[in-house]
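Note that the protein sequences, when read in sequence, are chains B and C.
Start counting the first sequence at 1; every next residue gets the next number (the numbering used here).
Start counting the second sequence at 1; every next residue gets the next number (the numbering used here).
Just so you know, the hints here were simulated from the structure itself, not pulled from any lab data.
Do not take every clue at face value.
What the hints assert, rightly or not - Chain C side only, calculated, beta carbon under 7 angstroms to chain B, not exhaustive:
| id | residue |
| --- | --- |
| 1 | R71 |
| 2 | E73 |
| 3 | D110 |
Said to hold, decoys possible - Pair by pair, the computed Cβ-Cβ distance ranges are:
| id | chain 1 | residue 1 | chain 2 | residue 2 | range |
| --- | --- | --- | --- | --- | --- |
| 4 | C | F94 | B | A11 | 48 to 58 angstroms |
| 5 | B | E42 | C | V128 | 34 to 44 angstroms |
| 6 | C | I41 | B | Q15 | 39 to 49 angstroms |
| 7 | B | S66 | C | K74 | 42 to 52 angstroms |
| 8 | B | P72 | C | L48 | 13 to 23 angstroms |
| 9 | B | A11 | C | D32 | 53 to 63 angstroms |
| 10 | C | L45 | B | Q15 | 50 to 60 angstroms |
| 11 | C | L45 | B | F70 | 52 to 62 angstroms |
| 12 | C | H84 | B | K52 | 54 to 64 angstroms |
| 13 | C | E77 | B | E62 | 30 to 40 angstroms |
| 14 | B | L77 | C | H84 | 34 to 44 angstroms |
| 15 | C | K146 | B | L12 | 50 to 60 angstroms |
Model, not experiment: these values are computed from the prediction.
Don't be surprised by glycine CBs; every beta carbon is placed ideally from N, CA and C.
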Amino acid sequence: MKSRKLYNRIALLRQERAVSRKELAENIGVNFQTVGYLERGEYNPSLDLTFKISDFFDLPIEFIFSTKPFKPLSRELLDRQKKEG
Amino acid sequence: MEATNKLLKGKNGVIINYAGLLAIIICFVVLDQIGWNAGLIAGILITLVITVITYVKVHIKSNLWKLTHSRAEKLDEREVLITHEALSYSYSIFSVICLSILFLIVLSLDSSFSERLTIIRSAAKIIVICMIYFAHTLPSSIIAWKGNYS
């Protein structure tokens, strides 16, 4: 069964928090190469791994993973400001 | 050096490795037909060296040997997935090749085919030795071929 592509913000969050692939891999219990595959969207993680990633970044799953491409964060912030204002 | 490394990686490495293995079988068959000869021994040694070099590059240095020979508990979920896929492909490929060779060996024992298939009979021992190597390297060769572990 071919699953649909999952988009994620792992690379962005990792860079923002200055975490290396190796550090992230050790914390979520995978090989560091797997982190690269996840970041490039070449591998869809299991639910268990998704929760581990979400716990590591302390963010909700829907903020890290999506079935639709993410808008740039700046765009999302602007849209939110417009909604609130 | 970099060009050589690139040549010996992935698909090229797998092709050269198995071509070396095939060349060894051919050399032993020829050796059985015409007897010992310096050129043939040199040929066997050269193909053996090429096979060993490509084996080290494709299977050992890339960690693929370790990956396909590790227990599932030691691998992460993506590694389990690619290993499982490679092992199922290997099972199909190896069984077809193995049973075809077995069929040819059985045919060579039959008197009506025995004259045409004497080559198979004479090469049976070296083929079996090469098949042991083939069985152990096939899963990692499939991963190297597909390029999904780098």
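Going down the list of hints, with the structure as the test:
Of the supplied interface hints, the one on R71/C is violated, with its beta-carbon coming no nearer than about 15 angstroms to a beta-carbon of chain B, more than 7 angstroms. Below 7 angstroms, beta-carbon pairs count as interface contacts, and E73/C has none with chain B, the closest being about 12 angstroms; its hint is therefore violated. At a threshold of 7 angstroms, the smallest CB-CB gap from D110/C to chain B is about 46 angstroms, leaving the interface hint violated. Taking the beta carbon of each, F94/C and A11/B are about 39 angstroms apart, not inside 48 to 58 angstroms as hinted.
Evaluation of the 34 to 44 angstroms hint for E42/B and V128/C yields a pass: the beta carbon distance comes to about 39 angstroms. As the Cβ distance of I41/C to Q15/B is approximately 58 angstroms, the hint placing it in 39 to 49 angstroms is violated. Between S66/B and K74/C the beta carbons are some 32 angstroms apart, a value that contradicts the proposed interval 42 to 52 angstroms. Distance hint check for P72/B and L48/C: the Cβ-Cβ separation is about 57 angstroms, which falls outside the suggested range of 13 to 23 angstroms.
In this structure the hint that A11/B and D32/C lie 53 to 63 angstroms apart at CB holds, the actual value being about 58 angstroms. L45/C and Q15/B have their C-beta atoms about 52 angstroms apart, which keeps the hinted 50 to 60 angstroms range intact. The hinted range of 52 to 62 angstroms is satisfied by L45/C and F70/B, whose Cβ atoms lie roughly 58 angstroms apart. A beta carbon spacing of about 21 angstroms between H84/C and K52/B contradicts the range 54 to 64 angstroms that was offered as a hint.
In this structure the supplied range 30 to 40 angstroms is violated for E77/C paired with E62/B, their Cβ-Cβ distance being about 21 angstroms. Here the CB-CB span from L77/B to H84/C is close to 42 angstroms, well matched to the stated 34 to 44 angstroms. For K146/C and L12/B, the hinted distance range of 50 to 60 angstroms is not satisfied, since their beta carbons lie about 29 angstroms from each other.
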